[in-house]
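**Student:** Chain by chain, the residues run as shown.
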Amino acid sequence: MKLSKKISISKILIYTFLILLAVVYIAPLLWMFSVSVKTNAEVFSSPFAIPEAIQWENFQIAWGIGKLNIAIVNSIIVCVATLVCSMLFGTMAAFAIGRMRWKLSGTVMTYFLLGMMVPVHCILIPLFVTFAKVQLNNSLLGIILPYITFSLPMTIFIMVGFFRNMPGELFESACMDGCSIYGCFFRIGLPLAKTGLFVTGLMTFVNNWNELLLAMVFISDVDKKTLPVTLTYFVGPYSTNYVQMFAAIVIAVIPTIIVYSIFSNQIVEGLTAGAVKG
Amino acid sequence: MRMRKVLAVLLSTAMMTGLLSGCGSKTEEAAAPAAATTEAEAPAEEAAPASEGDVEITWMFWDDLEATEDLMSQQYAETIKRFNEADNGYHVNVITTNLEEYDTKLNALIAAGQAPDVWICNPGPNMTQYVEADVVMDLTDVLAKDTAWNDSFTGGIFERLTYDGKIMGVPTNFAAACVFYNTEIFEEVGVSTPTTWTEFMDVCQKIQDAGYSPLSISAGTPWCLSMVAGYLCDREGGPDNLKGVADGSVKWTDPSYVNAANKLVELSKYFQPTYLGDSNDQATANFYNGEAAMLIQGSWAISQINGNAPEMQDKCGVFQFPGVEGGSDPNRWIVKTDNLLVSKNTKNVDACIALLKEFTGETAQKATAEIAGKMPIIDVEVDYSKAPKQLSYVQDIMKTLTGTFGFYNESLASVEAGDKFDNTMVSIVMGDITPEDGLADIQKFYEENVYNK
Amino acid sequence: MEKLFRDKKAICLFIAPGGILFTIILLVPIAYAVYISLCEWNALTPPQFVGFANYIKLFTNDDIMKTAIKNSLFFTTFSLVTQQVIGLFLAVILSNLVKGKNLFKNIYYLPCVLSSAALGLLFSFLLNPKMGLNQILAIFGIQGPLWLMDAKGFIPLPMWVIGTVATWQYVGTTMMLYMAAIAGIPSSLYEASYIDGANKWQAFKNITMPLIKPMAKTTISLTCIGSLKFFDLIYNMTQGGPNHKTDVLATHLYNEGFQYFKYGYASAISVVLLAMCLFVTFIINRSIKVEDYEM
Chain A
1 MKLSKKISIS KILIYTFLIL LAVVYIAPLL WMFSVSVKTN AEVFSSPFAI PEAIQWENFQ
61 IAWGIGKLNI AIVNSIIVCV ATLVCSMLFG TMAAFAIGRM RWKLSGTVMT YFLLGMMVPV
121 HCILIPLFVT FAKVQLNNSL LGIILPYITF SLPMTIFIMV GFFRNMPGEL FESACMDGCS
181 IYGCFFRIGL PLAKTGLFVT GLMTFVNNWN ELLLAMVFIS DVDKKTLPVT LTYFVGPYST
241 NYVQMFAAIV IAVIPTIIVY SIFSNQIVEG LTAGAVKG
Chain B
1 MRMRKVLAVL LSTAMMTGLL SGCGSKTEEA AAPAAATTEA EAPAEEAAPA SEGDVEITWM
61 FWDDLEATED LMSQQYAETI KRFNEADNGY HVNVITTNLE EYDTKLNALI AAGQAPDVWI
121 CNPGPNMTQY VEADVVMDLT DVLAKDTAWN DSFTGGIFER LTYDGKIMGV PTNFAAACVF
181 YNTEIFEEVG VSTPTTWTEF MDVCQKIQDA GYSPLSISAG TPWCLSMVAG YLCDREGGPD
241 NLKGVADGSV KWTDPSYVNA ANKLVELSKY FQPTYLGDSN DQATANFYNG EAAMLIQGSW
301 AISQINGNAP EMQDKCGVFQ FPGVEGGSDP NRWIVKTDNL LVSKNTKNVD ACIALLKEFT
361 GETAQKATAE IAGKMPIIDV EVDYSKAPKQ LSYVQDIMKT LTGTFGFYNE SLASVEAGDK
421 FDNTMVSIVM GDITPEDGLA DIQKFYEENV YNK
Chain C
1 MEKLFRDKKA ICLFIAPGGI LFTIILLVPI AYAVYISLCE WNALTPPQFV GFANYIKLFT
61 NDDIMKTAIK NSLFFTTFSL VTQQVIGLFL AVILSNLVKG KNLFKNIYYL PCVLSSAALG
121 LLFSFLLNPK MGLNQILAIF GIQGPLWLMD AKGFIPLPMW VIGTVATWQY VGTTMMLYMA
181 AIAGIPSSLY EASYIDGANK WQAFKNITMP LIKPMAKTTI SLTCIGSLKF FDLIYNMTQG
241 GPNHKTDVLA THLYNEGFQY FKYGYASAIS VVLLAMCLFV TFIINRSIKV EDYEM
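Residue numbers (this note's numbering), protein chains in the order written: chain A, 1 to 278; chain B, 1 to 453; chain C, 1 to 295.
Derived from the structure by calculation, the hints contain no laboratory data.
Predicted model only: the values in this text are computed from it and were never measured.
Incorrect hints may have been included.
[As the list claims (entries may be wrong)] Derived DSS-like pairs (lysine-lysine); straight-line CA-CA distance at most 27 Å:
| hint | chain 1 | residue 1 | chain 2 | residue 2 |
| --- | --- | --- | --- | --- |
| 1 | C | 70 | A | 103 |
| 2 | C | 70 | B | 444 |
| 3 | A | 103 | C | 9 |
| 4 | C | 101 | A | 11 |
| 5 | C | 152 | B | 444 |
| 6 | C | 66 | B | 444 |
| 7 | C | 9 | A | 11 |
| 8 | C | 217 | A | 194 |
| 9 | B | 344 | B | 145 |
With the hints as constraints, model all of the structure from the sequences given.
**Tutor:** Following this line, the structure appears as C-alpha cells:
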C-alpha cells in the first residue's frame, strides 16, 4: 500500500517535470510559427501577442518568391543521394573496422574520425578551387560529394560501436552455414545494426537538409539552389523580411519533421526486431 | 573456393550498381555542367531568356532580385530586365547571394578563375583589395573616349574609385548619412533643428525631459554606431584626420579623436535604453513608431521608414549632422556609393560597358531617385514630387555641402581596421573601455598592422 | 571464421569507396590548408610563403585568439557537463517510462532536426531586449539583463546564454544515443538483478552504467568535438560581438578568413582547432577504457 503510493508520487513528479520541459521545447517553436503568420509591423509592435489576423498568404508569398518548389526538389535529391551513399559507404567501412580483424583498423578509424574535427570553413576555398577545375561547382553533384564525405565520419563512428557490440556467436554460426563475408555484412550485420542506421540516417539527413555554407558558395544557378540557401533571400542588405523568412523556415521544417517521425518510430521497431532475431 | 570468388565478384558488382543507382541523379548531374560550361552560368532571370546568338555576361549582386523588399534592389532588377529585353545582342545572367556570403562567394569565384564579368562592390578597402589583386578592369580609357558618357556623371563622383589616377569602377547611386527627425515631437517639445553640438545636446536633453528617447541608434549592428563616431571624428579634425592616420602623421590618441570619443560617450546618454541590443531594423522601427525623436542613418532608410509607416513621410524632417565648436568644417557629409567593377578577364568588354551604361543611364538614374529614394550619380532632372519627400530635403540641405567622406569603417586601411574601429566604438560606448584606452588600442593595431607593412 | 574476417580483399572493398572519397575531398584540401597556414594569401593573388609567422602571431600577439580559446574551452566544458548529465538523466527516465515515452523523446529531439541558423535567429529575437524575454520579466517588475550584449566578467553572460541554448538544442542527440544504448541492454539482465534483490539505483549503477560506457565515450567525443568547432548559433546570435567578447575559435577563423580575407591566418587557426580536437579525442580515448561485453 505504502509502496504504490510512493510510486505514484514519483510518477507525478516525473511527468510534471517532463511536461514542463516539453513546454520549454515547444514554446519557442510555436512562437516561430506565430511570427510566420503575422505582419512585419506586428512582429515589432507586439511580438508575443496572438496574431490579429492569420496571414496565410505569407506562406504563399514565401513559396513563390523563394521558389521553394524547386528548392525542395533539389534538397530532396541532394539529401537522399547523400543519405544512401553515406550510409552504404559508412556502414561498409564501419563493418570492416569494427568487425573484421586487421592491423590497420585503428589507424583507418582515426583517419576517418579526422573528418569530424575539420571545420568546414578551413577547406571551403581549396575545395571550391579544385571543384571549379573539374567543373563540379555549380552542380548538385558538387555538393553531394562533400556532403557524403562530411557525413561519413559520424556514420562510421556510431556504426563501429554497433558492429563491435554485436554478439560474435551470430557471425560464427553464419560462417558455419557457409555464409561469405559479404553475406555476413548484408544479412547479419546490417539488419542487426538497424537501430544505429536509423539514428545515423536521421542525423545525416537533417544535417545536410540544413547545410548552408557549402551550398551557398558552390551553387550559383537559381534552379539548383537548395532550401537553406533560398531562406537567405529574405535577408536584405539593409532590412530583413522576418515574417516571410519565418514562413519559409516553417515550410522548410515540415519535411524534416515528417522524415523525423518516420525514422523515430522505426527506431523502436528496429530495436525490438533486432532483439527478437538476435 | 571458386564459388566464393564468383560470389565476391557478383556482390561487388551489385554494390557498384547500388552505388550508381543510389546516385542516379549524380551521373546525370555530372554530365549536365560539362555540357553547360560554354554557356557560362545558367540564367537567373527567367523573364527574358537569352535569345539565340546573344552575348552572355554575368553580374553578381548581394540581394535576391525577386524576393527583395529593398527599393534599390528592385530598381536593379528593373534595369536588368530592361537590358535583357532590349534588342542589343547582349544578355546578362545574375548570380545572387545574400550580403553575408557575398564576399566569400565572390572571392571563391575569382580564385577559381570564374570571376563574374561585372560585380557590385563597396568603396574603400573592399574595393582596394580587388584592385590590388589586379582582377579589375581599368575603365579610364573607355571613359576618356566616350566623352558623352563621361560628362554625364556628377563632378567628383569618381574620387573614391580612382587608384593611381585610374578609374576602376562606376557608381550606380549614392546615399548620404544624415539626421532624420520627427517634426511632431520637435514641435511638441518646442525645439528647432540644432546646428552646433551645444544646441544638439540641449535639444536632446529637452526631448528626454519630455519623455521620449532623443536618439535611436543600434550598437548591435556596429556600423550604425560607427557612422555617428565617424561624423564626430570628422567634425573634430576634418579631412586631415583620415589622411593623417593613414600615413601616420596623426595619431589615434591625438586630442581630436579623444574629443570625438568623449562626445560619443556624452551623446550615448540620449540613446534609447535598449540601443545596445537593438538591431539596425529595430533602431529604425523605434523612429518610425514615434518612440524616438531622431535617427542618424543613411538615406537608404527613407524607403524603409516610408514603407513601414507611410504617415511618417509628412512628419519626418532631415538635418545635417551638427558641427562642433572649435572643430572643423560642419558641411562635410558621409556618403557612400554602390559601385560596379568589371572583371579584367572578361571576354565581352562591350557587353559589360553596355550594362554599366544601362545602370548609369537616365531611366535607371531617374528611378533611383524617384522610386528608390537614393541619390543619382549623373546630372538628371528628377521629379521630386514623385520621390519621397525626405529625399528632396536631403538634396536641399546638401546644397551647402563642401566636401564628402566615406564611412569611417570603409575609409580605413583595411576591412579589419574598419571592424576594429567599429568594435572599439561599441566598447567605448558600453563603458567597457575608456575612450583613451580604446583609441590607444586602435593606435596599437595601426602600428602593428598598417605602418609596419 | 577467423580467416573469413581477415579477408584482405573484402576489407579493401569495404573501405575503398569511403576511403577514396575521404582522401580526395577532405585530406587533400586539409593538406592544402596546412600549407596555406604557412603563407599569406587573400585568395586573389598567389600565396606567399611566410613560414611560421601566422602561428607566431596567433600565439604571441592576438588578444582575440586568447578570448576565443577561453570561450571555446568554456563552451566545451559547459556543453559536456550539461549534455551528459541532462542527456543521461532524460534517457534513463524515458527508457523506464511506460506511457508517453515516444512523445517526450520526439519533443526533446525536435530542435536537433531544425537548422541552427534558424534557431539562432529565433533566439536572438527572443533574447532581444525590446521584444523578448525581458518584456515578460518586465511584467513581474524585473529588469532583465542584456542577454546577448553584456560584456562584463571573465565569462560574459552571452556565453552562458549561448551555452544554454546549445544544450537545449543538442541534448536530444545525447539522450537519443543513450536511449539506443539502454534499449540494447537485454531486459533479462535487469530481471536477474531484481531477483537477486537489487534496487533500481543498484541496477542502474551495476548494469546500465557499465554497459553504456561505449556510448558514453561516443557521446563525450561527439559533444567535445562539436563544441570546439561550434559556429552556427554563435554566429547567428552575437556574431562574436560585442567587440569579439563572445568569439570562439570557429567565429574567429571565419572573421579572419571571410571578412578580412586573411586565408593564411585563418588556416593557421583551423590547424590549431584541428590539433585541439585531436588532443581532446586522444585524452578521451586514453581516459575512458571500454571493455568488450558480449551481450
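**Student:** Which numbered conditions among the earlier hints are violated in the structure presented, ordered from lowest to highest?
**Tutor:** Hint check: 1 and 7 fail, others pass.
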